[in-house]
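J.: Residues per chain are reported as follows:
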Amino acid sequence: MRYLPKSPGERIEMLQQIGAGSMDDLFATIPQEYRLERDLAVPRQMGESEIVDYFRQAAAHSAAGYTSFLGAGAYRHYRPVIIDSLVQRGEFLTSYTPYQAEITQGTLQAIFEFQTMICELTGMEIANASMYDGSTGAAESVTMAVRITHRSGVLVARTVHPEYREVMATYAQHQGLTAETVGFGEDGRLDLAALEQSVSEETACVLVQSPNFFGVVEDIPAIAEIVHKKGALLVVSIAEAISLGVVRPPVEADIVSMEAQSFGVALSYGGPYCGVIAAKEKYLRQMPGRLVGETVDKQGRRGFVLTLSTREQHIRREKATSNICTNQALVALMATIFLVVYGKEGIRELALHNLAKADYAAKQFSSSGRLLFAGSPRFHEFVIETAEAPEQLNAKLLQQKVIGGLPLGRWYPELGHASLWCTTELNTREQIDYAASLLQHDSEAALSRA
Amino acid sequence: MATKPFEGVRHKVRSHLSQNEALVFEKSSPGKKAYKMPPLDVPAVDAEALLGEAARQDLGMMPELSEIEIIRHFTRLSTWNYAIDLGMYPLGSCTMKYNPRVNEFVARIEGIAEAHPYQPESLSQGALEVIRLLQECLLDITGMDAITLQPAAGAHGEFTGILLVRAYHQSRGNPRRKIIIPDSAHGTNPATAAICGYQVENLRSNALGMVDVAQLEQMVTDDTAALMLTNPSTIGVFESEIHKIADILHAKGALLYMDGANMNALVGKTRPGDFGVDVMHLNLHKTFSTPHGGGGPGSGPVAAKKILEPFLPTPVVVEGAPGEDGRRSLRLDYDRPHSVGRVRMFYGNFGMFVRALAYIMANGPDGLRQTTEDAVLNANYIRKNLEDVYELPYRTPTLHEVVFSDRRQTQKGVKTGDIAKRLIDYGFHPYTTSFPLIVPGALMIEPTESESKEELDLFIDAMRQIAREAEENPELVLNAPHATRISRLDETMAARKPVLRYTRPAEKS
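Note that the protein sequences, when read in sequence, are chains W and U. Last residue of the first sequence: number 450 in my numbering, and the count goes up by one each step with no gaps. Last residue of the second sequence: number 509 in my numbering, and the count goes up by one each step with no gaps.
If we strip away everything but chain W, and leave its shape as in the complex, we get (with noise of 0.2 Å):
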């Protein structure tokens, strides 16, 4: 009971002041049928040793030591060290929302950085203190733009992130919409003849991704053309942020909905992520979450707060924009102290490395299966077509110990024998050649088998 600062004296002298005769008469208020008379059926109390040991060895179970190309939605990037010394300072890891300005000024100022520097990669005007994580800011975004427009439409991208979608509709569900999804053509881009058919006036918005699910680009501006012709919101989901140093951001959106994730947070099995909303200035009043605004103190002295709290829970109840709550404050340090190690030299070089590998990866694996939406724009991921089912290729790369591409099929049934790889900043020439010669050896055995 190492946590607990007391000895069992002063527990007696405590109780004794209270006028208490034993702890049990503290909990005179529960029922006696519902006390638990028993123990708890957890591990028994364990030194700190023996809680690393456990989980070194949970670790050991684990991908540690295998080459990944897996991306879809979750990316690895070099974290640089200080984000790790940073966030841990107890100042910043053990305070909470920044209630009481005038002793949170460190987590409200780090956060008005973090709007800032969302607004200027995203091309928007206003950003929020961040979501849960970029698919339930991606529901949120819709469900905002329907608050805005006062339709219940709701078109989706088919290349929007399979997960994603699914949360969407989740959301959506109670909320009286209704989301119908809008294909891609065979440059793996959203079909625009498509959206143009489907986008009507009861359309509140439509949300695409780009890069998308296949890791191509959408064309934001002909997009929006499309989509602003009839009064609906264009809402863009960005599911790798580090596209944005070398892709121009979606300036045409209404809202944008990002997941930070990519921006200096451990890939930690699928979450904490980051998402962030960020939206032109006029659709405020809309906006879900926490928000940071500057202002002065009674001598004048700048200082940030957290502001217009009357669109939240907290005050206006069921009438509330969303009812978020806590949201991911550390991992949005985190993704502003990756930011400005980084800056506005590296970020640019950072995603021109990406660029590069996953071009030149791209061609190596090409030789081995058939590089699909080749023509298209693309950042770091591209999905390859093979002749063997992409289960049974995986297997037997496992095997080498490399994990292969994402298998596709279970998303799109029409691209069964495709999956999607991913390569950045940390897989090596010496990685990509690797890979790229089981898959040669394995499509030649597979040809002269045939």
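These are calculated hints, taken from the structure and not from any lab test. Where hints are given, some of them may not hold.
[Claimed, not checked] Only part of the chain W face toward chain U is listed, based on derived beta-carbon distances under 7 Å:
(1) R301
(2) Q313
(3) K344
(4) W411
[Claimed, not checked] Here are the simulated lysine-lysine pairs, DSSO-like style, with alpha carbons at most 27 Å apart:
(5) W:K298 to U:K412
(6) U:K497 to W:K280
(7) W:K282 to W:K229
By construction, the Cβ of each residue, glycine as well, lies at the ideal position given by its N, Cα and C atoms.
We have chain W already, so just place chain U on it with the hints.
T.: Just chain U now, kept in the frame of chain W:
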């Protein structure tokens, strides 16, 4: 000779210097760098050639600084924060307990921190085992049958829980239209009900601040989907008639949802599943010590009775067939035809699961029980030592938190928010102000188990001195805080003319 009005003695703190620090944009200067990329080992590419019109030209106002400046920048900012690591943080309802450092350590072990959510299941057995063990622990702690760890925070858990309620009623032919919520509830409860398509019916608390059972009985109809109840309530009182409440709901086919925000009062002492709760959420960042981090990340698992299990979000962790070596394996089951769907991508805030499990292991059954007892002991100790100077609107015995009102102090114009600000000068984070809504001018104090008697005595001393200041020197309290880097901020201006991002002086109009 006029005596100087009373000003309390601050025993916990004295002033020290804090560093000034500008925004990163103001410190930026072109050409400074804090990174170095390794040489590119593949041919360089021309972004314009690859991306065409989609190529980006410029990154605008992104900062350029060196590493030492960044370290100083964020270190200086950090010193402007109050934190649990500095002292008592009695923010009621938030359970600001100690965040053990071994939690942080184990969450950063390579095979855990670098696990990709789509890595093969055969390489994810360690991660899945962590999920399974945490689930088993939480099920026994809550007395429930089934659980999902997917929700990202408490409010997200509420959303998930109410979706389960809705799916359950829908499966019986009618989703029903109404959810009853006591007026003492967290704002997230009504907001959640609304986004799940329910009408909110407000249940007024009785004279004791508890659920008015007779009133509830009249309200519940076969159109009631659920009651969302916080137990112990937001005034820290256990709903002793909880089983009667559950029976009233169940008689009409409605369900009992429990907001588990106050679970720190119950762990190891009583179980919601035993007293009639059908579905509830937990906050790993409250009860199970994962850090609050300045406002997240949280984690909001939802535990439910058997009848709700078919509707849990996908995927769920299940045992697979034993492998060739006879060892059992775990897998993710996506084939859940009755599921409410996904509430989040991947599997939830896994990093928080690791921390919560480490906390449970460090405590064990005996430690968890003692933790609950100490949390309740601390709250009652504060109550006993302050009830003669602050008004106690409800005298029912309290568990882990105590709620006073500012009724006596308002006679001198001093409100709960002012007392809170003055508490800052004494070296404490304020309690929760003006909540719950059923107590006008509430002071909601939750000390948690993490406070020593010494720290509690300092807090009590500060609160008593402030009460005297409010009586004899109200101006001092009304203008607090006096010892902080900045004084009270102009919140009206912040809301009226929102400045939500930095712009360079030249760009300002």
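J.: It remains to establish, for every hint, whether it holds in the given structure.
T.: Here is how each hint holds up against the structure:
A cut of 7 Å between beta carbons decides the hint on W:R301: the least distance to chain U is about 6 Å, and the hint holds. Look at W:Q313: its Cβ gets to within about 4 Å of chain U, closer than 7 Å, so that hint holds up. Given hint, W:K344 at the interface with chain U, holds; its Cβ is 4 Å from that chain's nearest Cβ, closer than 7 Å. A least Cβ separation of about 11 Å between W:W411 and chain U goes past the 7 Å threshold, and the interface hint is therefore violated.
Distance check on the hinted pair: W:K298 and U:K412 sit about 22 Å apart at the alpha-carbon level, within 27 Å; holds. Taken as a hint, the U:K497 and W:K280 pair is honoured in the structure, with Cα atoms around 16 Å apart against an allowance of 27 Å. Distance check on the hinted pair: W:K282 and W:K229 sit about 19 Å apart at the alpha-carbon level, within 27 Å; holds.
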